[in-house]
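Peer 1: Residue-level listing of the chains:
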Amino acid sequence: MRLLRIVPDDTKFDFIRFRRISFPISALLSILALGAFLTLGLNFGIDFKGGTLLEVRYANNTLNMADVRSKLEALDLGEVQIQEIGSDGEVLIRVAQQPGGESAQQAVVGKVKAALGEGVEYRRVEVVGPRVSQELLSYGIVGMMLAVLCILIYLWFRFEWQFALGASIANFHDIVLTIGFMAIFQIDFDLTSVAALLTILGYSLNDTIVIYDRIREMLRRYKKMPTEDLLNQSINSTLSRSVITHVTVTLALLALVLFGGRAIHSFSITMLFGVVLVGTYTSIFIASPLLIYLGVTTRTLAEKEDKTANPRAERAAP
Amino acid sequence: MLYFSKWKAIAILAACAIIGLMIVPSLLSTAAYDSLPGFLQRKIVLGLDLQGGSYIVLQVEQAEVRKGRLEQLRDDARRVLRDAKVGYSGLNIEGDSVQVRIREGQDVESALTALRGLAQPIGGPLATTGQLDTDVARDGSLITLTPSSAGVQARTIQAVSQSIEIIRKRIDQLGTTEPSIQRQGADRIQVQVPGLQDPSRLKALLGQTAKLSFRLVDTTMSAQQALQGRPPAGTQVLTSDGNPPVPYLIEDRVLVAGEDLTDAQPSFDPQTREPVVTFRFNTNGARRFAEATQANVGRPFAIILDNKVISAPVIREPILGGSGQISGSFTVQEANDLAILLRAGALPVPLQVVEERTVGPGLGADSIRSGIIASIVGAVAVAVFMIATYGVFGVIAVVAVAVNVSMIMGLLAMLGATLTLPGIAGVVLTVGIAVDSNVLIYERIREEARAGRSAISAIDAGFSRALSTILDSNITTFIAAAVLFYVGSGPVRGFAITFGIGIMTTVFTAFTLTRLMVALWVRWRRPQHVPI
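Residue numbers (our numbering), protein chains in the order written: chain A, 1 to 318; chain B, 319 to 850.
Excised from the complex, chain B in its bound form:
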């Protein structure tokens, strides 16, 4: 057990040194770090609890996805039935399905064929599951289209992917460093923005769908009349965001939608000096906007964001240049954020904030400080106790544990893992447990010596007996850490990572480094008695 070939000894020391030294890039200043070659640019990421920042979890509502799908099915059904020249009545959304009654009995078959064409295979036309996203059922002259739950699920997953793209575009505009945007489960998105101190701005930026449309205002009756009576077909009453909200009677038909925007920038109106957002249409949008404004000079049109009227100016002259501006008594930041939203595009469905955590930078700095103090105090106390108990072997244990801790940090850096406050707790606890493997070895050596073995043979037997115990006890603890990592989130995960890595490095150093150091000491001193 105590014999090490020269090469093996060098390999052990090199492995410990290389992994341990991976911590160095994390300690460098930013400038020095950036000048490192690429393969060394790995460092420990500090969790939001240590550096401050915002964490938000957004959820895509399946109910919203289903609602959107139902509306789309209704509109598509209207289109295909019209194309097939089938007479129908009562095309409506009823609960979780779209229903339509076919007027003439002989048309039902052709209507069914046309409507079945709306059902798409889940996962696209190339998918092999053979499942369709919509069930089409017939009961006499009544045809029912029901989105299947598998279809809604597939769409939810797709909506999450699209939303992640748009969120990324929006957050990139904030100019913060290293935001992280991740899918969480089937229908959630986790957003972490380190350093961001105002989560309300992040929420405002992510909580909006940002569906922009330009529509005409119906002036045949006042909005008040429409609210009391019944609004004319093809119109609805929408309100402005102000206080009190002003109602407008708005046509359903969209002149131009947000998808046709190519650019949006915040600026100032040259006349009123108010912050405004200027925008530019693509060719298609510019043409449609020009046609619409030409035909409706003198009428007001409304700029609508997420079903709220931002402003409703009167068209004084046709707008032909393909650009315009939105004014709506914004603050500078509001104008800026609206421009960001418009540039990034609309979310496919509204997102709901289900969890939000923010740590101020002051608290983060305090946490780092107390974490480091606790680590140092803990380490020093353990070291003093070990040396008092085991003398020179205690020194070996302390060196092994010190190497162990720097290896944990080095591995964290290599993996690009996040160090959190519970993570620091994991390291401190590892220090306590890493010592246990040395204690197991030393106590075993003492026992063997007491049983009458010579020093070298006692040390040898101590190692070989203790190592199997170390393995058994650490594997069980590792299982607990692995389960923590698997089911945990946030702080639990941060703890599980450092704790799990700590167990592995503990076993590694006990089997190699401690043994090597004891072997070198034995070869140097040739002891007659075990010194513990």
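Pulled out of the complex, with its shape left as it was, chain A reads as follows:
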């Protein structure tokens, strides 16, 4: 049986020279993403905005959107979003947070149910009060920062500070682009999106570390090689692995996007964008070339090893 070979054995792409194109592109995309975030804003779901969400199903083609709309508008609940989803007579109703504290949010469900009357199935009802939504948002932000910090510390201990910094910058870039993506396509930003973002972060790091690991190994082995060649060779030698792994993860995520159901749709779409497009690109075209600017050379590593191997000699020197 002949095996599938996506990447030939001896690739010699000059990834590092490509930084002259990839850095400006990334800078431009980051500014674009930031601009989208600032102008369009994120489409916060009720987890972070508070409010009421109802998923309603009308059996056997009894759905009449105009009727639903007029009934709900008669309630005078402020901003109400009504959206037909799927082809099964399902409607998603979103009511913005009501003035008047926690109990006012609870009252919405009763009003909507009374207005829609009998003969509808309530598939999902969610009410998030103003206090909880505030907390969920701040927990989400704190969680992200805490995760980045923990990972940084781990990398700093396990590698050198240049690698920790390089990985953090690359990661920050991933998060900015993903948030920009969510702002442009107005994907629901809720609790599961935070999970998606953190997973992208973890995954992209995972990918970066595989390459960094190889760079570190090469630095030890080839003490005379110019840094650019060394980085190129590291990326090329792990290229086959990068491609194969990304194919498998893409396959898994595509399955989630296509068959996972609506409840995790925004989650899987975000992951697909973040993991497959951004994460892969970043570790090769951003995280690795960054090391040049951060001053990683064979010498930095040699010095560190001298220090750990012979700390006393270091101290004795004037």
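No wet-lab data here; the hints were simulated from the structure. Note that the structure is predicted; figures quoted are calculated from it, not measured. Don't take each hint at face value.
[As the list claims (entries may be wrong)] Okay, derived cross-link-like pairs now, DSS-like style, lysine-lysine, Cα gap no bigger than 27 Å in a straight line:
{"#": "1", "chain 1": "A", "residue 1": "Lys71", "chain 2": "B", "residue 2": "Lys521"}
{"#": "2", "chain 1": "B", "residue 1": "Lys521", "chain 2": "A", "residue 2": "Lys111"}
{"#": "3", "chain 1": "B", "residue 1": "Lys385", "chain 2": "A", "residue 2": "Lys49"}
{"#": "4", "chain 1": "B", "residue 1": "Lys487", "chain 2": "B", "residue 2": "Lys529"}
{"#": "5", "chain 1": "A", "residue 1": "Lys113", "chain 2": "B", "residue 2": "Lys521"}
{"#": "6", "chain 1": "B", "residue 1": "Lys487", "chain 2": "B", "residue 2": "Lys626"}
{"#": "7", "chain 1": "B", "residue 1": "Lys529", "chain 2": "B", "residue 2": "Lys361"}
{"#": "8", "chain 1": "A", "residue 1": "Lys71", "chain 2": "A", "residue 2": "Lys49"}
{"#": "9", "chain 1": "B", "residue 1": "Lys529", "chain 2": "B", "residue 2": "Lys626"}
{"#": "10", "chain 1": "B", "residue 1": "Lys626", "chain 2": "B", "residue 2": "Lys521"}
{"#": "11", "chain 1": "A", "residue 1": "Lys113", "chain 2": "B", "residue 2": "Lys361"}
{"#": "12", "chain 1": "A", "residue 1": "Lys49", "chain 2": "A", "residue 2": "Lys224"}
{"#": "13", "chain 1": "B", "residue 1": "Lys626", "chain 2": "A", "residue 2": "Lys111"}
{"#": "14", "chain 1": "B", "residue 1": "Lys626", "chain 2": "B", "residue 2": "Lys385"}
{"#": "15", "chain 1": "B", "residue 1": "Lys521", "chain 2": "B", "residue 2": "Lys487"}
{"#": "16", "chain 1": "A", "residue 1": "Lys49", "chain 2": "A", "residue 2": "Lys223"}
Place chain B on chain A using the hints.
Peer 2: Quick look at chain B alone, frame taken from chain A:
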């Protein structure tokens, strides 16, 4: 790297099999599951998003706790000052404290001593913090009692514990399976009732304090007059729950309170055929009720629940038997729920619903179906690709990943963890990432072979080089999962659990199972060339 002693090989296979097989109890029918011995009765709990049900978060309001404490302080202050025979005026709640003015200068010291006695050490008399729950301050003849914020906090925590007990009693009466009631933070209670389709009933059951009292109706003036003028001292106007609400002038003095009830049952009034709630008092309550009704024949008394008048019947004859009934044009379910509330007792403070999520059973079933389809499609696609790329080594990878997934499920069952839809997403993603560890190993083997090593030495070196990379990359991902678990709630947590467990099993299988299978294959085929 490739040598495994017989015992080590058996231990690895046994560990994988035992953990993987822990999934079996979760797949059995209920009857078969119940017949298992106790230590095997561990299964994956399906989250509410997969089986349908209601999730509610209730909050104990610190402001309410403080209000209750202030009222209690005022009443206690009145009592101790009276006992100490101290003349005072203007005993009132002013903002966040209770104030009282002592009439005679020489009484101020004894009043202070008496009022200081009201301050309790936080955490009970045996606590060693030395902090008191109330600050007593004096400004001339004015004494101020202020509940300390630490004291209010301690009381809030206590109120949460008491509320959890009462909520448990109330929900147990609903007859649903496996409700979960948990404290969340300092002042919240999270209630999950799987399978419950009507959250409004749950809210009605938990949203009420259910403070019941029997009090006399003041008939010296009409409620309308009292509303327009000033109600007589010791009375207040309360309304009925109906539409329009009817006002009643009610005495503050409580004849008998809900604590003196021993039982409450829904039944039908034999004459009117209306649903009613019958109740029974304990000895103390029965005696007090008998005395009160004896002395007030001909006057109406009111049955009051949470400051709403349920009904106000006239006492026709003394009620001596210690039991009675509450009628108030209930529906059968209302009568049933009221009986539940009365049996379970009153909440110490009102609870506020701050979050509510309900998933209908139809949506839950749909979610399971799509989750399973996505998992199968994802797994098959990955398997086909791996075998196409790596041939026999691909088969080994697929076996390792399959074992990996069943180990994740087995561990979830052992921990009694909850599987949610995001959890399934976590498993699918793990499949993608678990493959990465195999890819890392195989690619390394290929490189070593290309560098001119013999097959066996290339395989050996491939493993030893790749494993440190696998460890590094997975630990960082695991940190992200751990933080997700720590700060996350609900769906995020469900995802973090499966993802975190998935990373651990991935590292485990890469280090043991994959290596063992490759070693066995090498011993069997004695390859001259690496087959990838």
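Peer 1: If a hint holds in the structure, say so; if it does not, say that too.
Peer 2: Verification of the hints:
Between the alpha carbons of Lys71/A and Lys521/B the distance comes to roughly 25 Å, so the proposed pair stays at or under 27 Å and holds. Using a Cα cut-off of 27 Å, the hinted pair Lys521/B and Lys111/A holds, with the two alpha carbons roughly 15 Å apart. Under the criterion of a C-alpha separation no larger than 27 Å, the hint pairing Lys385/B with Lys49/A is inconsistent with the structure, at around 30 Å. For the hint pairing Lys487/B with Lys529/B, the CA-to-CA distance comes to about 15 Å; that is within 27 Å, so the pair holds.
With a C-alpha separation of about 15 Å, the suggested pairing of Lys113/A with Lys521/B holds against the 27 Å cut-off. Distance hint between Lys487/B and Lys626/B is fulfilled; the C-alpha atoms sit about 23 Å from each other, no more than 27 Å. Restraint check: the Cα-Cα separation between Lys529/B and Lys361/B comes to about 40 Å, which exceeds 27 Å; the hinted pair is violated. Simply put, Lys71/A and Lys49/A have alpha-carbon atoms about 24 Å apart, close enough for the 27 Å limit, and the pair holds.
Proximity of Lys529/B to Lys626/B is assessed by CA-CA distance (about 10 Å); at most 27 Å being required, the pair is judged to hold. Simply put, Lys626/B and Lys521/B have alpha-carbon atoms about 18 Å apart, close enough for the 27 Å limit, and the pair holds. Restraint check: the Cα-Cα separation between Lys113/A and Lys361/B comes to about 36 Å, which exceeds 27 Å; the hinted pair is violated. A C-alpha spacing of about 57 Å is found between Lys49/A and Lys224/A, which places the hinted pair above 27 Å, so the restraint is violated.
Between Lys626/B and Lys111/A, the direct Cα distance comes to roughly 23 Å. Compliance with the 27 Å bound is thereby established for this hinted pair. At roughly 19 Å between alpha-carbon atoms, Lys626/B and Lys385/B fall within 27 Å of each other, so this suggested pair holds. Distance hint between Lys521/B and Lys487/B is fulfilled; the C-alpha atoms sit about 15 Å from each other, no more than 27 Å. Using a Cα cut-off of 27 Å, the hinted pair Lys49/A and Lys223/A is violated, with the two alpha carbons roughly 55 Å apart.
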